[in-house]
Amino acid sequence: MKFFSLKIILPAVLISIIPFISTFSAFAAGHGKIVIGHSACLSGKYAKAGEQAVGGIEACVDWVNNEYGGITLGGKKVPLKYKKYDCESKKESVTSLIGRLITVDKVDVVFAPYSSGLTLRGAPIAESHQMLYMDHGGANNKIFEQGFRYAVQTIGPATSYHKGTLDMVKKIAPDAKKVALAYEDSEFATMVMEGAKNHAEKLGFEIVFERTYPKGTTDLTPLLSAMKAAKPDFVLGGGHFEDGQLFNRQMADLNINVDCLSLIAAATLPAFSDALGHMAEGVMGPSHWEYGVTYSKEAAKEKGKQWIGPSQDEFVSLFKKATGDQKMLPDYHAAEAGAQVLAYVLAVEKTGSTDSDKVRAALGDLEFMSFYGSWDIDDSGLQVGHSMVDVQWQDGKRVIVWPESAQTGKPCYPMPTFDEKKDGKKALP
Amino acid sequence: MKNRLSPYYPLLPVFVAYFALFLVGRNVEGTWQLVATLLFYCALGQAFNIFLGMTGYVDFGYVAFLGVGTYGMAIAITGLANFPQLGLGIVAIGFVLAIIMATLLSTAVGAVALRLRGAYFAIATIGVNEGFRFLIEGANLWNGSSGMIFTAQLNEILGRDLASRVMTLWADILVLFIGALAAVVTLLYMKSKIGYALTALREDEDAAKVMGINVTKYKITAFITSASFAGTVGAAAWALKTPYVFPPEVFEIHYTIEAIIIVMLGGAGTLLGPLVGALIYGVSKYYLSIFLPGVQLFIFALVIIFVIVTFPEGVVGVIKRKTRNTAIGQYII
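Residue numbers (my numbering), protein chains in the order written: chain X, 1 to 429; chain A, 1 to 333.
Fair warning: there could be bad hints in the mix.
These stretches of chain X come out as covered by chain A in the derived footprint (C-beta under 8 Å, 3 or more residues) [as the list claims (entries may be wrong)]: (1) 86 to 92; (2) 96 to 103; (3) 124 to 130; (4) 144 to 152.
If you are wondering where the hints come from, they were derived from the structure by calculation, not from laboratory data.
Fair warning: this is a prediction, and the values are worked out from it, not measured in the lab.
All C-beta atoms in this analysis are idealised placements derived from N, C-alpha and C, irrespective of residue type, glycine included.
Using the sequences and the hints, build the whole thing.
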């Protein structure tokens, strides 16, 4: 049979031996160690966030093994190992890889991939294996309304994004009453603004304008003109980087001046100021974590909380070592993923076991502080201890202005008008 | 007896392959989720092949049918969550809704786009998925951009244990049945008047018309059949396996691209081709992501190029040609 040539037989042989090689390597992997399994987004649409998360996890695993000396378990110090696969930011890969991490690699805990959708995708698999499933990148509150027993969140829920901004305005400008909400029509932005709306109403603010715009929009002038007519004192808006930038630029074009403008997922990025120059002055944005936060051992002691993990500068240096890129700075994706490692370490030590049920119970009682800030979850696994920080562009620099416990500078309120900014006025407190 | 059954012999390797996949998944530890992914690709390829393989038309908006199928199941579960006494009946209603929605959408799209040919048809369909996504988001249909998360409702309807088994096992088995059923329908079409008409129009549409074949009727039949299967794949592999739906995820064009690659790798218009294409595609992707995380897509591109260059008619296409008039040949079409 001529047709059964080498080109048919060779690939067939290779494909058939792959499972045996991989099973052997999996057996060799986790012996005598505590293993974190991660279906990471190293490629695909979440590759940037995924790269940061992996860097953050590797930095904290490095700290646990080399500075902390390993995890204390049964009187011994046990090293922590990190096993990751690339899910390509695709849901089909998430389930197959999480299945493999649990059943072949026999990991002790699974870290969810980035985004709410992919986190949801892996949750039923982890649940069916009664495996602890830690979420560092799925902010949607509804994940924790589904009754998952092994899911635990480190990233702050989407509804908490603007709590700090609203608290800040309430405190420093008690006369401000009117708030406008204008945001991208997406699952993430809608959930963020739902939380903002509830909190604003709770604080006694009046929502004078609320409207969404479609993803990928290139013109916001009709929406902004309508918003101008509502005369808000401050504006909460945005969705992603592109529309956040457009939002700010067209507000400047239409000369819409408000006392405070906070844009999600755009204003915290260095590229925002690079693209907008003086127009970005005074603009704020919420973030889970920013380089410069002042969370420290001392701050933890003051609050009566346990401290664990590297200092902020140590984390940055370990992150650079892990990524091999001295120019790359960690962002909040890295910090929250790293903090998740620390939460797991504390819970394992507290319960003296790696059993998912026991560690999950220990996580429920855990409250601590790290370079990322506070960590505490409610009964459903939702993160309730971590506060967002608010960043403001002041004289071309990102300054953390809220909460007061993390601030590196005072907020500038009201921010300068667009005409003043054009004339060179800086947003300084 | 032998002669009566011989037209159905080509189903044998298909069923054997599905059964082997099932056995591997259930008996080799740690492989079920991999098998589930492979079954998804098999069913996707098999469903897509009914239209692409048999007509030669490339539908770039194909994922829209999976998307509406997902919504069909989601609407049934969320809408009937207050009637837990219906139990698994809700899942059956979900499938019916998924088929109806996919059929309606494919009828609407087909009625317009199938008047066009070749590249014009491809261009006309390229925006269907995005258009439907924007409709859902813009008109705030079915919770708009916020999507639907309904694991809690499924738990409520079926009970936590059964719901968990549905999400992690039965949804995948349903996908297996959908893939196998799509193969049966493909063979029935191939062996019937529809198949001959579709083959004629694929080779030369004008000549087929001149011969008196109502090409529009047969194209729409293949289009709706293929779309209905896609709807059920969406309902089982997306809505039941992971009970949530976000519009950008279920209308993502890369699933259409994956379907095209799977069918072309295996052999468009062959019965076994989509299955073989899905296995090559799924297995290579999976093991490359394990051994070369981060760079697997680059290597994967080389694998695809290698297979396409080695097997220009698809793997099964080449095998079919080489085994013609042999004993094996009667099993491979």
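Against the structure, the hints come out as follows:
1. 86 to 92: holds (count 6)
2. 96 to 103: Holds: 7 residues of the region 96 to 103 of chain X have a Cβ under 8 Å from chain A.
3. 124 to 130: With 4 residues in contact (Cβ-Cβ under 8 Å with chain A), the coverage given for the region 124 to 130 of chain X holds.
4. 144 to 152: holds (count 4)
Consistency note: the structure conflicts with none of the earlier hints.
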